[in-house]
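Student: Could you build all of it, start to finish, from the sequences and the hints given here?
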Amino acid sequence: MFDKILIANRGEIACRVIESARGLGVKTVAVFSDADRASKHVALADEAVHIGGNAPSESYLKGDVIIAAARATGAQAIHPGYGFLSENPDFVDAVEAAGLVFIGPSADAIRAMGLKDAAKELMEQAGVPVVPGYHGKDQDPEHLSDAADGIGYPVLIKAVAGGGGKGMRLVEKPAEFLDMLDSAKSEAKTAFGNEDVLIEKFVSQPRHIEVQVFGDGKTAVHLFERDCSLQRRHQKVIEEAPAPGMTEEMRAAMGDAGVKAAEAIGYKGAGTVEFIVDGSRGLRADGFWFMEMNTRLQVEHPVTEAITGVDLVEWQLRVASGEALPKQQHELSINGHAFESRLYAEDVPKGFLPATGTLERLKFPEGARSDSGVRQGDSISPHYDPMIAKVITHGPSREVALSRMAAALAATQVGGTVTNLGFLGALCAHKGFANGEVDTGLIGRDLDSLVQAPMPTDADVALAALAALGLLETRWDTGFGLWSAMQQQVGLRFGEEEIQATVMSRGPDAHDVQLNEVTLEARRIGERWWVADEPAPEVVATQDKVFVFAQYGLAFDVIDPLARDASTGGDGGLIEAPMPGLVKAVFAQVGQDVKAGDRLAILEAMKMEHSLLAARDGVIAEVLTEAGAQVEAGAALVRLEEEEGEAAA
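For the sequence shown, position 71 matches number 71 in this note's numbering, and the numbering has no gaps at all.
Among the clues, some could well be false.
To be verified - Computed list of lysine-lysine pairs in DSS-like fashion (alpha-carbon distance at most 25 Å, straight line):
1. K350 - K545
2. K236 - K431
3. K595 - K350
4. K218 - K201
5. K201 - K189
6. K363 - K40
7. K27 - K40
8. K350 - K236
9. K137 - K40
10. K189 - K236
11. K236 - K137
12. K327 - K218
13. K218 - K189
14. K166 - K137
15. K260 - K173
16. K327 - K350
17. K350 - K166
18. K584 - K166
19. K236 - K201
20. K189 - K137
21. K218 - K236
22. K545 - K363
23. K4 - K40
24. K260 - K350
25. K201 - K350
26. K595 - K584
27. K236 - K166
28. K173 - K218
29. K189 - K584
30. K166 - K201
These are computed hints drawn from the structure, not numbers from a lab.
Tutor: Take a look at the structure:
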């Protein structure tokens with residue numbers, strides 16, 4: 001076993017690797033960017049090395065700097081985590097050339113699965129079922145169109161070097177093919193530097209089921225399947241293991257296919273073989289096809305750990321250090337059911353926009369596993385993925401595990417940023433999902449009902465008012481004086497709505513809160529507050545905000561009566577940055593006529609591109625930014641000329 005390893009990653013996965021390494025008595029070295037100097041993974045590691053600036057290209061993608069850090073600290077091996085350099089074969093070659101061990105597969109194995117078209121050909125040769133399609137080298141548009149005709153519509157155009165839904169287009173009619181092809185190729189070239197695509201048959205009622213495999217370079221085992229069908233725009237939201245409705249026949253067939261795929265490339269370490277499954281007629285042994293292989297540890301690996309009792313990171317360290325596979329196939333079995341929910345800082349009602357903020361409160365319930373790379377008091381950075389945590393629950397049955405997940409999400413407290421907690425909770429309550437009726441289109445079909453913004457009750461508002469005035473924590477010893485009633489007012493803002501509350505304090509443990517024509521009694525009984533005869537949820541107040549932990553978290557702004565409100569009425573002619581980010585492109589020019597919905601600029605933030613659109617018809621009056629500019633949230637980017645009547649108003 002190694003004495004010391006370096007973790008070439010950050011956040012949640014770096015903390016996860018440190019945990020397992022510590023359990024084996026292995027010391028760890030963290031690396032960090034400027035933005036991560038005070039981060040959780042740095043605090044947990046035995047040593048830490050600064051490797052550069054905030055952008056991944058200046059730090060976590062600098063393989064030579066990371067290798068130098070490993071050699072300088074005496075680390076014997078490098079664990080890549082997931083993302084960044086984890087599937088970069090050139091980095092693997094460089095690690096091994098430096099005399100270090102890469103905790104993962106060989107560079108050859110990564111290259112074999114790196115391009116989807118070549119990987120599918122290899123899988124066909126290995127006896128793994130693949131989706132009918134065209135994976136050839138001829139990229140002539142007419143040739144690809146003919147191939148699509150032969151496969152039969154609908155078809156998927158997919159970037160051969162792609163991932164995360166980039167360079168992917170669904171084409172339902174022949175007349176749409178060439179336009180969709182041009183769009184997919186353009187996006188693929190920007191994202192991956194490779195515009196080549198493949199064409200596949202589109203599967204109706206598709207399910208995304210993947211098999212966890214683990215190899216020693218010669219032989220491999222599988223640790224059963226995970227269902228990752230609950231997706232939004234090809235991004236996984238909630239994963240589970242095992243797959244609902246799975247039969248023993250199909251499990252054996254999929255497991256065998258996963259092992260064949262791993263052994264065909266001499267795979268070493270943890271990997272995932274992803275399959276597209278036709279769920280239209282139930283799960284059948286002849287109804288699944290190879291999609292791609294992820295040659296690394298997956299984000300959703302905890303659900304596999306929960307049902308098998310295996311620590312996959314421990315297995316990675318043991319096999320990379322030269323040990324044999326810890327278990328053979330006949331020694332592995334499934335125990336119960338598990339779910340994982342990905343908790344993100346994002347504004348769901350505004351289209352799942354990534355968000356930032358300081359975590360004034362971060363609290364997870366007992367009884368659920370929470371893998372997180374941040375702590376209370378940390379900030380969600382605009383430079384990286386806005387994941388806050390993965391929440392994992394396990395139970396003897398799917399019903400119990402899902403019930404525990406719903407309870408865990410309801411009890412999770414995040415204050416300081418908007419999150420997708422309510423969205424995750426709505427998914428857990430979705431009848432179809434609860435019944436195991438899952439496919440990759442579920443979220444898209446029912447999105448409107450799943451993203452409803454919460455509305456605070458009068459009791460929630462009353463509690464926020466008391467917290468804003470500091471009345472929930474105040475304690476007086478009434479034995480030393482007489483209490484006289486005191487009246488105070490406070491203004492709150494929830495979303496766009498402003499609320500005025502009047503509080504009559506009748507004692508340190510008794511207040512009456514008036515909201516319009518409604519008066520609610522708040523009383524402290526023992527150590528807990530009750531509002532309108534109901535136990536009050538927990539609450540956290542800062543100087544200008546109040547977070548009430550009901551309905552997955554309600555955030556109120558405290559209105560400063562002396563502050564000038566510059567936002568009244570809004571300005572449909574001003575296009576602002578919705579979050580901190582990099583201006584990737586500007587399409588607006590002074591004097592240009594634009595229509596509502598026209599794209600004026602692209603903002604890159606948190607590894608995603610966001611199109612900024614004109615809110616109304618008009619003429620460009622000013623362009624206040626340029627490509628390459630780093631801007632803060634709320635920065636003015638483009639201004640339209642005033643409409644008639646605006647100047648007079």
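Student: Run every hint past the structure and note whether it holds.
Tutor: Hints and how they fare:
| no. | hint | verdict |
| --- | --- | --- |
| 1 | K350 - K545 | holds (20 Å) |
| 2 | K236 - K431 | holds (19 Å) |
| 3 | K595 - K350 | holds (21 Å) |
| 4 | K218 - K201 | violated (33 Å) |
| 5 | K201 - K189 | holds (23 Å) |
| 6 | K363 - K40 | holds (15 Å) |
| 7 | K27 - K40 | holds (16 Å) |
| 8 | K350 - K236 | holds (19 Å) |
| 9 | K137 - K40 | violated (46 Å) |
| 10 | K189 - K236 | holds (24 Å) |
| 11 | K236 - K137 | violated (30 Å) |
| 12 | K327 - K218 | holds (14 Å) |
| 13 | K218 - K189 | violated (36 Å) |
| 14 | K166 - K137 | holds (20 Å) |
| 15 | K260 - K173 | violated (36 Å) |
| 16 | K327 - K350 | violated (47 Å) |
| 17 | K350 - K166 | holds (21 Å) |
| 18 | K584 - K166 | holds (17 Å) |
| 19 | K236 - K201 | holds (21 Å) |
| 20 | K189 - K137 | holds (16 Å) |
| 21 | K218 - K236 | violated (31 Å) |
| 22 | K545 - K363 | holds (18 Å) |
| 23 | K4 - K40 | holds (19 Å) |
| 24 | K260 - K350 | violated (44 Å) |
| 25 | K201 - K350 | violated (33 Å) |
| 26 | K595 - K584 | holds (21 Å) |
| 27 | K236 - K166 | holds (14 Å) |
| 28 | K173 - K218 | violated (45 Å) |
| 29 | K189 - K584 | holds (15 Å) |
| 30 | K166 - K201 | holds (18 Å) |
Violated hints, in rising order: 4, 9, 11, 13, 15, 16, 21, 24, 25 and 28; the structure is consistent with all others.
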